[in-house]
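S.K.: Listed below, chain by chain, are the residues.
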Amino acid sequence: MIRPLLIKGGRIISPIQGVDETNDLIISDGKILELSNGQAGLSSSDYDVLNAEGLIVCPGFIDFHCHLREPGFEEKETISSGNQAAARGGFTTICCMPNTSPPLDNRAAIDYIKKVAATEGVIRTLPIGCISRGREGKELAEMGELVQAGAIAFSDDGQPLRNSRLMRQAMEYSLAFSLPIIDHCEDTTLSEDGLMNEGIIATRLGLCGIPAAAEESIVARDLALAHLTGAQLHIAHITTEGSVELIRRAKEKGVRVTTEVTPHHLTLTEEKVIGYDTNAKVNPPLRTRRDIIALVQGLKEGVIDIIATDHAPHTENDKLSEFATAPFGISGLETALGSLMSLVHAGELTLAILIAKLTSEPAKIIGNKYGKLGTLGVDTSAEVTIFDPNKEWIVDTSDFASKGKNTPLNGKKLKGKVMATIYQGKLVYKDSSITLKGEQRKA
Amino acid sequence: MGGVRQKDKLAREVKSGMLETTPIWCRHHILDLDDFTPAEIELVLETTDAMKEVLSRSIKKVPTLRGKTVITLFNESSTRTRSSFELAAKNLSADVINLSAQASSAVKGESLVDTLRTFEALGADIVVMRHSHSGAPYIAARHMQANMINAGDGWHAHPTQALLDLYTIREHKISIKGLKVTIIGDIKHSRVARSNIWGLTAMGAEVSVCCPFTLLPAGLDIVGHHFPRVHIEPEIELALRGADVVMTLRLQHERQQSGLLPSIREYVKLYQLTEARLAQAKADAIVLHPGPVNEDIEISLAVAQGPKSVINEQITNGVAVRMALLYLLAGGNRR
Amino acid sequence: MANKVIMTAADIRRTLARIAHEIIESHKSTEHLILIGMRTRGVPLAKRLAANIERFEGALIPVGALDFSLYRDDLFSLDLQPIVKSTDIPIGVSDRVIVLVDDVLYTGRSARAAMDALIDLGRPQAIQLAVLIDRGHRELPIRADYIGKNMPSARDEEIQVHLKEVDGTDEVAIIFRPPVKEENHGGS
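Here the protein sequences line up with chains A, B and C, keeping their order. The first sequence runs 73 to 515 under the working numbering. The second sequence runs 10 to 344 under the working numbering. The third sequence runs 76 to 263 under the working numbering.
Only chain A is shown next, with the shape it has when bound in the complex (with noise of 0.2 Å):
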């Protein structure tokens, strides 16, 4: 039995209830009890007080695209250390991509994952099926029993789909299930061998460039395929401004696509890989400047819907090779927040977009499948991630509860800190310089 906890004197900002306050937050079992100022209604009973004075108090974030490795890659992520991961990085659901070993294209392998999280994980996992059997790009997985068993979307993502007629097939079949197809975008032909970024970056270093292009030329193709079929569409990870261009056009003629765009794509370029930083190495590629103010004004113009991680684990010594032989891939969960807030700091990006952008957004996609998410409305679970927009800290891996330490952020301050995580009233994160008062109302 969970004390009901009382969140007094923060800043409360969900943007699904166009809730932007200073107040309190009661928490009781599990739910949401009541925004109120002042608890007078809770006087009778034990609770816990955390202190959020100077911090904000949102809906738990949700990840829509990230990778916990578990089964086949377990030395990489599992889904306990993922869940952790999350919980740490203020997130109180993540989805998780299916390019596992085996592939998450049948209901065994989604129930697998199902049963895992639950007895495993702290919050909440929500598994994507593949669109492909087996992910090959070759023939249809059972999309309908990967509904049934509990899939939220279905994916290829670490391949693009390359077959355009088998992609319109698997848009045009998903339309019986109102799910997003989510496509990995890239043209494999022009991004073979490619590192980085095709530029004057790759150039210097010598090494093979991946040209946005590549991106874009899919990008074009899959808004093509949806405008035709009609189906929902959702493009993964995109990072050029040409990108961003394609889907505003494609959203201003109605085509149902929904995209997102990661933490790193939106801080960090290229020039990042100067020094062959392996931590750097991630596909799609860190970009230019130029693509990042264009990611920018997507996000708040809208044309971009949501932030999500894509986090990437792999081990130390996946990541202790040449450049040309290292895994690509950023592990992003518990710097998430903290590189997002210096786009707020830089006044580029309001609290208040950045939130829904993790928060209501997302759970939009995600729709009630699984109850109403991104949200702090009253009776409904109380998933509340609680940050200090202010604090500064120094990343440091070894503190990471992901196994991915893989991270180009490693040693670096950011402003921005996570302080509680809190999922089905249960506090499953909180930084050591957060204490729960008990307020007894016994003797």
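Source of the hints: derived by calculation from the structure; they are not laboratory data. Warning: the hint list may mix true and false statements.
Listed next, the in silico SDA-like pairs over lysine to any residue satisfying Cα-Cα at most 20 Å (straight line) [stated by the list, open to error]: (1) K291(B) - T223(B); (2) K69(B) - E132(C); (3) K69(B) - R198(C); (4) K463(A) - L423(A); (5) K61(B) - D191(C); (6) K186(A) - K444(A); (7) K189(B) - Q323(B); (8) K160(C) - L64(B); (9) K70(B) - F151(C); (10) K99(B) - S169(C); (11) K69(B) - S169(C); (12) K160(C) - W34(B).
Every value quoted in this text rests on a predicted model; they were computed, and no experiment measured them.
For chain A, the structure is supplied; the task is to place chains B and C on it using the hints.
M.R.: Using the frame of chain A, we list chains B and C on its own:
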């Protein structure tokens, strides 16, 4: 002459204008020419003069690096560069061990870093590494105490080649400043081109590159601070006009296979350095090639063996330059 | 830092004249003689001695420059790598009588290195050593054949030789310096 007096000597030499900065050399590794100051390059060239004089003696050996161990680790075959380094080290009385990476780290299980740490434990003082992946020496150097010399990494850098090219050019042209240098060939995949562009522009030369557009790396046309400025001229006759130095690069046959060129034949037609084309350059122009030469492909036999070719000198100078670099790296107490 | 001038330009001129005479005197014939200056200040000294010998005897003695950096025994303990200049000896050293010339003889290590360098170049008939200043504190069994001035000094003192060709003036001074961390080999 002892330490303090040596320092004073250097300080006084600086004042008397013989050197530009002190201390000039504080390098622990030689990975690329992109951060060499002109003064450092001058120092290398000057030291090479002294080494070349050693090579002209009947006993081509000095005891300078006696007791030091140099390990060469090449995962790309190269008789020329490897033996050049081996000779250089032996001329300085160092002990040399040659290893090909096929024998060790190419097999999964022992990473590059592990291999290098093993060498260090065995007592390697200097590691000379050639690797097919760009950036490999940087990762290695981060995890090593021993000195690292990059003998060529992927497409990225070949600093010792560029230094010997600079030395060869200077022997003929006295000063590199203001020279017009034209580089013809597969710039995109060429570490020789990149390092030469850094070195030549640092010393004040004007560089033009000439090649098919599919072999031109991205971003060169945009002026920025990440890479030196070069002039792009796709027509060979125009590119050669008025050139003081012409550098031809080896064309790999794989380029045609990967679709970057329609055929070798077409490349030869458009880009081979022939005597007729060379006539567009200055009358006293010299021709360089990093070797090995694909005769009658990127360069005609007549030019390669002709009076303007300094290709053989490059090879001799290579040993001297590498001796100079080994000397500069190995000495000093700056660990 | 107390500076004391121990040789003025005039003193140096007279001393070099005397050394030249001594060299002429101790060789029956100057035919096989060659003066080799140890870089850096030994070189102008060797040139001046050769000029003196030419003036006094009418004989033209070849002059060379020797850089012995590559033969030093302290390369790996110095903070700064010595800059190697070229060795420039116009004729072979085999069967010649070499007079090595340097500005200061101190521990003897530089002279040892120079001799090793010369022997790698050929087989001289004999090697002699001429120095402007001998400051004592030998660490090797080396002695000079021709000495300009004996100047016993303490280890924390420094003998500074300035020559017109290198430093703009002619002067030898003693400078007091507190002991430094690295190996101090002093002069030749």
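S.K.: Now look at each hint and say whether the structure bears it out.
M.R.: Hints versus structure:
1. Note on K291(B) and T223(B): the hinted pairing is violated, with a Cα-Cα distance of about 28 Å set against a maximum of 20 Å.
2. Annotation: proposed proximity of K69(B) to E132(C) is violated, straight-line Cα distance about 37 Å (limit 20 Å).
3. Of the pairs offered as hints, the one joining K69(B) and R198(C) holds, with about 15 Å between alpha carbons and a cut-off of 20 Å not exceeded.
4. Between K463(A) and L423(A) the alpha-carbon distance is near 15 Å, which keeps this suggested pair within the 20 Å criterion.
5. Proposed proximity of K61(B) and D191(C) is supported: the alpha carbons are some 19 Å apart, at most 20 Å.
6. The suggested pairing of K186(A) with K444(A) holds, with an alpha-carbon distance near 19 Å, which does not exceed 20 Å.
7. Under the criterion of a C-alpha separation no larger than 20 Å, the hint pairing K189(B) with Q323(B) is consistent with the structure, at around 19 Å.
8. Distance restraint check for K160(C) and L64(B): the Cα-Cα separation of roughly 14 Å lies within the 20 Å cut-off, and the hinted pair is therefore satisfied.
9. The hinted pair formed by K70(B) and F151(C) meets the criterion: a straight-line CA distance of about 19 Å does not exceed 20 Å.
10. Distance hint between K99(B) and S169(C) is unfulfilled; the C-alpha atoms sit about 25 Å from each other, more than 20 Å.
11. Restraint check: the Cα-Cα separation between K69(B) and S169(C) comes to about 16 Å, which is no more than 20 Å; the hinted pair holds.
12. Of the pairs offered as hints, the one joining K160(C) and W34(B) holds, with about 15 Å between alpha carbons and a cut-off of 20 Å not exceeded.
Violation of the numbered hints given earlier is confined to hints 1, 2, 10; the remaining hints are satisfied by the structure.
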